[in-house]
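*Asks:* Residue numbers (the working numbering), protein chains in the order written: chain H, -1 to 411; chain X, 18 to 467.
Take the hints with a grain of salt, since some may be wrong.
Unchecked claim - Listed below are the simulated BS3-like cross-link pairs for lysine-lysine, each with C-alpha atoms no more than 30 Å apart in a straight line: (1) H:86 - H:175; (2) H:379 - H:224; (3) H:100 - H:86; (4) H:264 - H:175; (5) H:175 - H:22; (6) X:161 - H:224; (7) X:382 - X:186; (8) X:265 - X:186; (9) H:371 - H:392; (10) H:100 - H:224; (11) X:356 - H:100; (12) H:100 - H:233; (13) H:175 - H:238; (14) X:186 - X:358; (15) H:224 - X:356; (16) X:265 - H:233; (17) X:314 - X:206; (18) H:264 - X:262; (19) X:306 - X:382; (20) H:233 - H:264; (21) X:265 - H:224; (22) H:371 - H:224; (23) H:371 - X:186; (24) X:262 - H:233; (25) H:224 - H:238; (26) X:306 - X:206; (27) X:382 - X:161; (28) X:265 - H:264; (29) X:356 - H:371; (30) X:186 - H:224; (31) H:264 - H:224; (32) H:175 - H:233; (33) H:100 - X:358; (34) H:224 - X:358; (35) H:238 - X:262; (36) H:392 - H:379; (37) X:306 - X:161.
Hints were generated in silico from the structure; no laboratory data involved.
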Amino acid sequence: MVHATEVLGAEAYDSLGNFVGRVKEMFIVPDEQPNRISRLLLGRGRYRPLVARFDQIESVAPGRVSLTTEESALELYHPNDSWLAVQKDLLDQQIIDTNGRKVVRVNDVDLADQRTNGNTELRITQVDVGLPGAVRRLLQGVVSPTGIRRLQNRLPQRNIRWEFVNLIEPDPLRRVKLRISSDRLAQLHPADLADIMEELSPDERQSIIGSLDEETAGEILAELDKRLQSQVVEKLDPEKAADIIEEMSPDAAADLIQNLEPDTSKEVLEEMEHREAQEVEELLRFAENTAGGMMTTEIVVVGEDATRGEVVDYVRFHEIPPDQLDNIVLINRDAVFAGAVTVAHLLLAKSDQRMAELVSDPLLSVATDARDKDVFELFDKYNLRSLTVVSENKCPLGAITVDDVVSRLQAQA
Amino acid sequence: MNTWVTLTNAFSAWKARGKEFSHRGHAWRRRIAVFLAVVGPGIITSNVDNDAGGISTYSAAGAQFGYTLLWSLIPMTIALYVSEEMCARMGVVTGKGLSDLIREEFGFRSTFFVMIAALLVDLFNTVAEFSGVAEASEVMHVSKYVSVPLAALAVWLIVIYGTYRIVEKVFMVACVFYLSYMLSAFLAKPDWLYAARQTVIPSVHFNAPYLVMLIGLVGTTIAPWQFFYLQASFVEKRVGPRQYKHAKWDVMFGSISCMVIVFFIIVCCAATLNVHGLTNISSASDAAKALIPLAGKWAGWLFAFGLLNASLFAASILPLSTAHVICEGLGFEAGLDRKFKEAPAFYALYTGLIVVGAGIVLIPKAPLWKILIYSQVGNGIWLPVVLIFILLLINRRDLMGEHTNTVGFNVVAWTASIIMIILTAALMYLAIFNPSAAGLSGTLLCSPFM
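I would like the entire structure built from these sequences, with the hints used as guidance.
*Replies:* Pasting the structure below:
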């Protein structure tokens, strides 16, 4: 195994044993192989630098690279931004450790050297983010390589396998060229990914949001802190922003839009689908610290005469997502709020039981203009998971769920 | 019936007007909220410049040379603003701290040496702040063996148990306490007209002690660590390019308010100590003690209180900034919004700096004056390095895009930086080879514990 910093700066000799130049950079060509060091850039002072292809490398040792060909067989270097440069793009830069769900800084890159038919291929196995890499880079050229190796073996290792490394490339076009996939990021829990995003610079955040599908982007956006939310959205073009916001629940969308610059929020609302935009606009009428401002309009409303079986079929048929199922809201024939049934009660009930029999005691609901403090008190007193919000004529409009209560309390603390 | 209709109409008209009014009020409130959300880093950073060493130098300047050094405050404000604005801009545009950027653009080894320098210099500076606490408390007749440990504990607790928002509020309050110097100045009944004239019209005197004092003023006002702190705070507050305008105002307001405080300190000492011939003031606490018979007990106590506040303030920011810088650069997790377990290196560094800093002040017969010299020398070596890094980074188009320095700004920035570098080099030279040079011996190098 060799380290990238041992190869960078190494002297390169051709097949005749002549000095060619020093290794200035190592490139991976993601189009060919995701982890192979495919080109070495050989600097020659004031002459144009040359490039050694992976099959032209005979052997690699710390400080020395031997080539299989003569100098004349090497190509001249032409910059290519679809190549990943180990020194420029990786060393000292931040990366996302998708396994540890963290942003870390690269100290060194570990390479495995495999001999295959007469030449040596270098492959990136892991990146070093711990002390050994730091010590090596500090002492290189001052202490002998063996001395450094002996010292670093005693230090605690912190490495990240190459498969779990997600590069942070602020330029979205180059992201595509380098084939940086967002699959692993999309698999992280939105809350974790939001934490990661908070550590990045604005351009990097933008690039990641742009590379994710709308649904994931929406989930992450909902988890970001307010200021970052509006920063991210204001930099997106309104169409894309609208697509992402449509994927969010109406209450989260309303909270987000409320914090945007007035011009941006108007543009975004115009770009959104009519129905979603209307829902959000309705929510925007309510002040932020009232029940109306806290509620989501995505609730399941059924008639009180329905049976348990009918309701379950209804939920299945419409594929209602589980996060809207804390409570089933009941209405009577006049469309007036008649109570709420918790999923737990629903689960335990018999299939032919009427919903009206399962209603939780007491009959709780709040008006849209109820103050947030009163709402918190109700949640605390009755140990609620969800509370129905009703209009002036007692029609259910939406519900406040316990997670919104918790995040608001947390924000106020 | 008709009356009813009129009434309802009138009522809805009222309601509409109220709504519009509240809407307008809302927009206005929103704008203020946006501004307040950005403001802070600039004001805090600039005010921390007026730390224990600074106040001693300013008092000595006023005592020794009266109003004649006041003119230097305007060019100093410009230099302070220009250099801080670059850091603010970098933080806002790149969203990265200064040490992050140095690491990414200049590699591991340069970063490591910058970090080691940061650690040493800031440790010396922290010692200087705690000795400021000791001095101030002794004016108020409290033993330093009581005040320094208490101060260290208070500083540590605020930061460990506070989130960034709370800590910043505490710091903003500390900024307000700087106004005590304004009160002291008014109690000293200075000649305001003369002071104003001296501020606007330069009156350079070409004698050695005067020039040394001038250098001392510049050297204590612009300290390298403040750039790291400023940039990191804007990043941590998540100020984006859209709010850059506000950030700029914050920095400008900070630089000016910092210099206004300096103005009042110098005026206060000029009107009392200098007028009565007490020109040889060796420290801020000396100045405070000397003020008591001349301008009344309150003026003296306010002066000492200002020193205490400044020292405490700087003593909490310095270790914090240092821990931040080092962790960021070397890739450890950092930040007040993280728990101890998430960022052990950060909290260990922070705690260590405070404990060692306060501990050294408490050692009986510790060579504090030597440490104070070293802190000045350290700042002097470090400042050019940091300024040059800043100027190189800010002009990188790949980092800053359209926000690189304009040619005009570059001229001002490079000129200011080169002058600052020359002046600090001169200060260092004097500190090392000629510590008895008039101004310096009177200010930084002789603490009462010598």
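*Asks:* Does each hint fit the structure? Answer for all of them.
*Replies:* Do the hints match the structure? See the list:
Only pairs whose Cα atoms come within 30 Å are accepted, and residue 86 of chain H paired with residue 175 of chain H is accepted, the gap being roughly 16 Å. The suggested pairing of residue 379 of chain H with residue 224 of chain H holds, with an alpha-carbon distance near 29 Å, which does not exceed 30 Å. As the CA atoms of residue 100 of chain H and residue 86 of chain H are separated by approximately 21 Å, the hinted pair is consistent with the 30 Å bound. Between residue 264 of chain H and residue 175 of chain H the CA atoms are separated by roughly 34 Å; this puts the pair beyond 30 Å, and the hint is violated.
A C-alpha spacing of about 22 Å is found between residue 175 of chain H and residue 22 of chain H, which places the hinted pair at or below 30 Å, so the restraint holds. At most 30 Å may separate the alpha-carbon atoms for a hinted pair to count; residue 161 of chain X and residue 224 of chain H exceed this at roughly 45 Å. Between residue 382 of chain X and residue 186 of chain X, the direct Cα distance comes to roughly 37 Å. Violation of the 30 Å bound is thereby established for this hinted pair. Only pairs whose Cα atoms come within 30 Å are accepted, and residue 265 of chain X paired with residue 186 of chain X is accepted, the gap being roughly 20 Å.
Taken as a hint, the residue 371 of chain H and residue 392 of chain H pair is honoured in the structure, with Cα atoms around 21 Å apart against an allowance of 30 Å. Taken as a hint, the residue 100 of chain H and residue 224 of chain H pair is honoured in the structure, with Cα atoms around 21 Å apart against an allowance of 30 Å. Under the criterion of a C-alpha separation no larger than 30 Å, the hint pairing residue 356 of chain X with residue 100 of chain H is consistent with the structure, at around 15 Å. For the suggested pair residue 100 of chain H and residue 233 of chain H, the alpha carbons sit about 24 Å apart, so the restraint of at most 30 Å is met.
The straight-line distance between the Cα atoms of residue 175 of chain H and residue 238 of chain H is roughly 21 Å, inside the 30 Å bound, and the hint therefore holds. The suggested pairing of residue 186 of chain X with residue 358 of chain X holds, with an alpha-carbon distance near 25 Å, which does not exceed 30 Å. Pair hint residue 224 of chain H plus residue 356 of chain X holds up; C-alpha atoms about 21 Å apart against a cutoff of 30 Å. Simply put, residue 265 of chain X and residue 233 of chain H have alpha-carbon atoms about 21 Å apart, close enough for the 30 Å limit, and the pair holds.
For the hint linking residue 314 of chain X to residue 206 of chain X, the alpha-carbon distance of about 14 Å falls within 30 Å, and the restraint holds. At roughly 23 Å between alpha-carbon atoms, residue 264 of chain H and residue 262 of chain X fall within 30 Å of each other, so this suggested pair holds. Proximity of residue 306 of chain X to residue 382 of chain X is assessed by CA-CA distance (about 22 Å); at most 30 Å being required, the pair is judged to hold. For a cut-off of 30 Å, the pair hint linking residue 233 of chain H to residue 264 of chain H stands: about 15 Å separates their Cα positions.
Using a Cα cut-off of 30 Å, the hinted pair residue 265 of chain X and residue 224 of chain H holds, with the two alpha carbons roughly 22 Å apart. For the suggested pair residue 371 of chain H and residue 224 of chain H, the alpha carbons sit about 21 Å apart, so the restraint of at most 30 Å is met. Restraint check for residue 371 of chain H and residue 186 of chain X: the C-alpha separation of about 25 Å stays at or below 30 Å, so the hint holds. Distance restraint check for residue 262 of chain X and residue 233 of chain H: the Cα-Cα separation of roughly 17 Å lies within the 30 Å cut-off, and the hinted pair is therefore satisfied.
Between residue 224 of chain H and residue 238 of chain H the alpha-carbon distance is near 19 Å, which keeps this suggested pair within the 30 Å criterion. Only pairs whose Cα atoms come within 30 Å are accepted, and residue 306 of chain X paired with residue 206 of chain X is accepted, the gap being roughly 17 Å. Our distance criterion of 30 Å between C-alpha atoms is met by residue 382 of chain X and residue 161 of chain X, whose separation comes to about 13 Å. Taking the CA atoms of residue 265 of chain X and residue 264 of chain H, the gap is near 28 Å; set against the 30 Å cutoff, the hint holds.
Under the criterion of a C-alpha separation no larger than 30 Å, the hint pairing residue 356 of chain X with residue 371 of chain H is consistent with the structure, at around 29 Å. With a CA separation close to 20 Å, the supplied pair residue 186 of chain X and residue 224 of chain H stays within the 30 Å bound. Distance check on the hinted pair: residue 264 of chain H and residue 224 of chain H sit about 18 Å apart at the alpha-carbon level, within 30 Å; holds. Between residue 175 of chain H and residue 233 of chain H the CA atoms are separated by roughly 22 Å; this keeps the pair inside 30 Å, and the hint holds.
Between residue 100 of chain H and residue 358 of chain X the CA atoms are separated by roughly 15 Å; this keeps the pair inside 30 Å, and the hint holds. For the hint pairing residue 224 of chain H with residue 358 of chain X, the CA-to-CA distance comes to about 26 Å; that is within 30 Å, so the pair holds. For the hint linking residue 238 of chain H to residue 262 of chain X, the alpha-carbon distance of about 27 Å falls within 30 Å, and the restraint holds. As the CA atoms of residue 392 of chain H and residue 379 of chain H are separated by approximately 22 Å, the hinted pair is consistent with the 30 Å bound.
Of the supplied pair hints, the one linking residue 306 of chain X and residue 161 of chain X holds, its CA atoms being roughly 16 Å apart against a limit of 30 Å.
Comparing the model with each earlier hint shows violations of hints 4, 6 and 7; every other hint is respected.
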